[in-house]
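Listed in order, the protein sequences are those of chains A and B.
Sequential numbering of the first sequence, starting at 0, is according to numbering that gives the first Met the number 0.
Sequential numbering of the second sequence, starting at 0, is according to numbering that gives the first Met the number 0.
Hints may contain errors.
Using 25 angstroms as the maximum straight-line C-alpha spacing, the simulated PhoX-like pairs for lysine-lysine come out as follows [unchecked claim]: (1) Lys-188(A) <-> Lys-20(B); (2) Lys-100(A) <-> Lys-30(A); (3) Lys-249(A) <-> Lys-102(B); (4) Lys-343(A) <-> Lys-102(B); (5) Lys-343(A) <-> Lys-134(B); (6) Lys-105(A) <-> Lys-32(A); (7) Lys-189(A) <-> Lys-134(B); (8) Lys-249(A) <-> Lys-189(A); (9) Lys-249(A) <-> Lys-20(B); (10) Lys-105(A) <-> Lys-25(A); (11) Lys-122(B) <-> Lys-102(B); (12) Lys-105(A) <-> Lys-343(A).
Simulated from the structure, these hints should not be mistaken for laboratory data.
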Amino acid sequence: MPESKVKSKRNADVALLSGLTRRQLKELEEKEKTPAQKTAEAIIMILPLLCGCIAMAEYVILPNNSRNSKPWSYVWVLGAAMCIYLVCFIVSLIRRARGEKQFYEKLRYKAPRYAALFIFLAVYDYLTLKTGTLTQPFVPCMNYIINAFLVDYKMLADCTLNTLKLLFIGYSIGVTLGLITGIACGYSKKARYWLDPIIKFLGPIPTSTWIPIIMVVATSLFGGAVFIIALGSWFAVTVASLTGISNVGKEYFEAARTLGATNRQLVLHVAIPHAMPSILQGCTQAMSSSCVAIMIAEMLGVKSGLGWYMTWQTGWASYDKSFAALFVICFIFTLVTNGLERIKRYLLRWQNGAEK
Amino acid sequence: MSDDKKKVCLKLENVSKVFAKVESDGVTHALQDVSTEMQSGEFVSLVGPSGCGKSTILRLVAGLITPTLGRVTVDGKEVDGPSPQRGLVFQNPTLFPWLTVEKNISFSLDMQGAADGKAEKVKHMLEITGLERFKSDYPAQLSGGMAQRVALVRTLINEPEILLLDEPLGALDAFTRMNMQDEILNIWTQRRQLALMVTHSIDEAVYMGTRVLVMEANPGRIVADIRISEDFPRDRSSASFVEYRNEILNKLHYGGKNA
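Next comes chain A alone, as it looks inside the complex (with noise of 0.2 angstroms):
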């Protein structure tokens, strides 16, 4: 080539360079993919549709070791779950062609997890319904489970609508009270004289250690209820946010004060916003000891909620139907959880440094 068309050509490629993201940087680096590397990503992307056709025979050819009605309700799930993920995978294969191939890449991450969750199940029906190695029914395979969830899927929402309910009333204000008691604790003295005491005798006293006196003396069960998830939370919350708030640095308010802040803007717009990732551990944190607070609660004397239901059902022997719940409780504390590091990440999105 002439040295004039060299160049240019480094030129034209300087410029490229200039307009570029980050993704697209990525894909400028990243070495072309030898043919074994591709064969095995398409391996591992269709091994989830293997594994589940895997235990879709397992289910269907092996014999039963004990009696299984309404079969093919297992079937039927299963099915939709390699639908679905075979729905995903075409939908990832369009969007790579058309060059977006951020959920192409996603699938492919995730995909060996959904294969292995499809051996589990495997597994897990052979250990059960094949041979009995685990003892129906008191670990039911997942045919029971999913029947007892056909069977009594109105119960179980009612009940996850009292868990709920339970949960939320009691975690907000919980919240709500740690934030102020924090917050006040935090940053007056005065007000920290007066509630320190207090947090330090009620705050070591474990949640569950309060259910039998406020069985007894709560004029409700679910008012008791709700006031030991508040307490929980209450402490969890006040203990964050005091921390948060006394770990602001000194210079960040006399930046504030200089620049015109008031007192109550100081504690709104300085003290607060700083101290928010240690507040919001602090939630992350309530809601976990919320979670075990209202299952105990439940089990112990409330006469409502998946908890409840869970004893009820195992006192009739149901145990196909104490999983359920189970898998009901273990769904919606999942949830729980993730909405609340979704809001996490949102509200703390500035804690993102400069891209290493």
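Since the structure of chain A is already known, use the hints to place chain B on it.
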């Protein structure tokens, strides 16, 4: 110098400031019987070893602390607390990390509820710093020099009568530092407010100041008040510049034999 701006006169009258020590029952004499006077249009540099009370003077003027004895007055009125009219820039930018650059700059106006002309003022400040591109970024994404620029205009947006600079360039690298010196001088030349800057660098003090106050520690006091009567921009290598520098070094007992 335009006269449409009100001129202010800052006075320290026999000011002493004593701090209680944290670890023992003793006290530190940060300032002892300091008296001086400054006017709008001056750029006063404070130099001296650490512990000589340079920053204490700034914090007294800012109203963040009160003198143990004596008075600090602006136009005869005693300073009784911080005010946006006495803007302070710290060594660390102390930008609020949860606010964008733009919000950091408008923080002061937001706090004072000054809505009129806010957008234009913020825009103007962004232009001065050349940070328009970064206005929606968070401080964590800025370099040290950029952050300090934002901190500077965050204070300047109030058009303070007195601009207090507490080693504003101390944490910057040498080149950014020299650029920022010129930038600060440019800003100051436009309005000729009273600027009071603490620095550890004698070069910087002479390069920027119309007046240099040399201080000494134990107890903190002013030992020399030197006027630098040279035009801006100054030449760091000129004979008179070197002379001023040597004079200050001598006052601080770091001078050479020939001085």
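Hint check:
{"no.": "1", "hint": "Lys-188(A) <-> Lys-20(B)", "in the structure": "holds (21 angstroms)"}
{"no.": "2", "hint": "Lys-100(A) <-> Lys-30(A)", "in the structure": "holds (16 angstroms)"}
{"no.": "3", "hint": "Lys-249(A) <-> Lys-102(B)", "in the structure": "holds (21 angstroms)"}
{"no.": "4", "hint": "Lys-343(A) <-> Lys-102(B)", "in the structure": "holds (21 angstroms)"}
{"no.": "5", "hint": "Lys-343(A) <-> Lys-134(B)", "in the structure": "holds (23 angstroms)"}
{"no.": "6", "hint": "Lys-105(A) <-> Lys-32(A)", "in the structure": "holds (18 angstroms)"}
{"no.": "7", "hint": "Lys-189(A) <-> Lys-134(B)", "in the structure": "violated (40 angstroms)"}
{"no.": "8", "hint": "Lys-249(A) <-> Lys-189(A)", "in the structure": "holds (19 angstroms)"}
{"no.": "9", "hint": "Lys-249(A) <-> Lys-20(B)", "in the structure": "holds (18 angstroms)"}
{"no.": "10", "hint": "Lys-105(A) <-> Lys-25(A)", "in the structure": "holds (15 angstroms)"}
{"no.": "11", "hint": "Lys-122(B) <-> Lys-102(B)", "in the structure": "holds (11 angstroms)"}
{"no.": "12", "hint": "Lys-105(A) <-> Lys-343(A)", "in the structure": "holds (22 angstroms)"}
In terms of the numbered hints stated before, the structure departs from hint 7 and from no other.
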